[in-house]
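Sequence lines, in order, name chains A and B.
If you read the first sequence in the working numbering, its first letter stands for residue 112, the second for the next number, and so on.
If you read the second sequence in the working numbering, its first letter stands for residue 964, the second for the next number, and so on.
Accuracy of the hints is not assured; some may be wrong.
Derived DEER-like restraints, expressed as beta-carbon distance ranges [stated by the list, open to error]:
id, chain 1, residue 1, chain 2, residue 2, range
1, B, G978, A, E202, 48 to 56 Å
2, A, L160, B, H1034, 19 to 27 Å
3, B, Q1028, A, V271, 51 to 59 Å
Some residues of chain B that are not near chain A, with every Cβ distance over 10 Å (derived) [to be verified]:
id, residue
4, E979
5, H980
6, R1125
7, R1174
The hints are simulated quantities; they were obtained by calculation from the structure and are not laboratory data.
Since the model is a prediction, treat every value here as computed from it, not as a measurement.
Think of the CB as a built atom: it goes at the ideal place given N, C-alpha and C, for glycine as much as any other residue.
Here is how the chains run, residue by residue.
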Amino acid sequence: MEFQFQFDWQAAINSIPFLLKGLPYTLMISFGGLLIGFLLGILFGLLSLNRRWYLRWPATAYIEIFRGTPILVQVLFIFYGLPDLVGSPIEPMTAAIAAIAFNSGAYISEVVRGGVQSIARGQREAGLSLGLSRIQTFTYIIWPQAFRRMIPPLGNQAIVSIKDTSLFSVIGVGELVRQGQVYIANTFTAFEVYFAVAVLYLIITLSLSLLLRLVERRGSAA
Amino acid sequence: MSHIVEINELNKYFGEHHVLKDIDLQVETGEVVVIIGASGSGKSTLIRCINGLEEYNSGQLVVDQQPLAPHGGNQKALNAIRKEVGMVFQQFNLFPHLNVRRNIMLAPMKVKSTDQEAAADHADRLLERVGIASQADKFPGQLSGGQQQRVAIARALAMEPRLMLFDEPTSALDPEMVGEVLDVMRELAREGMTMLVVTHEMGFAREVADRVIYIHEGRIVEQGAPDQVFDNPQNERTQAFLSRVLSH
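From just these sequences and the hints, can you work out the full model?
Here it is as structure tokens:
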């Protein structure tokens, strides 16, 4: 018997309206998680640079734990494990956003640390020598320069985190992949539907890449 | 005469390395003091102690009546001193994300709460004074080294310091740009600014300094008027150093 496979464009296209119902979830988890992750990253990134060990060590521990364990395990732990501790169930969306937040936060901490450390020591000395306080020196001199250098790695992390949201199908969040799985269960068109899912991710990530390139170009013009 | 800088028995270590040994130094208001010595002799470290960029281990340091304790002292004393003491660095250390005018305006606006208009006005006058009024809207990266260093001087002057520290201000410059920076410093000295200058420019030292100090391995081994130190050095270390740097 000869096996013949025909890519069914119509099946792929037909699946899209159903898949798109997952898009808001994918985007909400991504943006919500990354926004919190960015704030966590600034907080823990700066703490990891602090001279005082009792501030630095907890930050380092957080970074190592969330970088050193798989995000899949993290979300399973939050969704299935934590309810035992807190005594009430955790919403899948909450677990998903928390997982992206804590996971990306750890990576962004390292981006922040690297960005701040990359600014020459002379910049800080110049600020201090002018009578600016340490906080003013950081706010007006170090951070604006460091942030500009952080844009490419932050964009990178955003793309990684957007793709990581696909894992949350395992806790039943109706994001893109989950929608795909449900659709395939009824139509048995796995090839076409996962292809469509992949294209949708690519549209999101490419738009983001494009946006970042524009931001970088504007930044370097100054 | 009032001493704007008063240093007694100052010692500093980098780990095991004893970089400054029993330094005694008094600087009078209006005096121009040039510090010379080989690289690694501790001359830069000494002036960096004066505005607290380096901490020292023992001794006394009083700047403009403000004592600055060893190991950094308290933040308040440090800030008070830094407002009165300007510094110019070897590597300029201009803020690359701000244009020239903004580089100069930043500290007066944030530290002295000068309003924007007055700060901009002052910045433009300072740029005029250092001869680069036309560059105010450019970014540091668009300027030559000599121009950048003149901006750095203007930036320090914007805080109207009572004392200016110069840490090898011409060492990172191409030879043809050294002159324009020294001209600005010469002018500043003529106007009566108190200056402490670490430099390898012996011609400048001879011409502008009221006093030349020679540091060898962390110790002040000789000081005096320029002609005395350059033409008739008493210490054999000074003689050896000067014969090396003046022979070419």
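Going through the hints against the structure:
no., hint, in the structure
1, B/G978 - A/E202: 48 to 56 Å, "55 Å, holds"
2, A/L160 - B/H1034: 19 to 27 Å, "21 Å, holds"
3, B/Q1028 - A/V271: 51 to 59 Å, "57 Å, holds"
4, E979, "22 Å, holds"
5, H980, "19 Å, holds"
6, R1125, "12 Å, holds"
7, R1174, "23 Å, holds"
No hint from the list above goes unmet by this structure.
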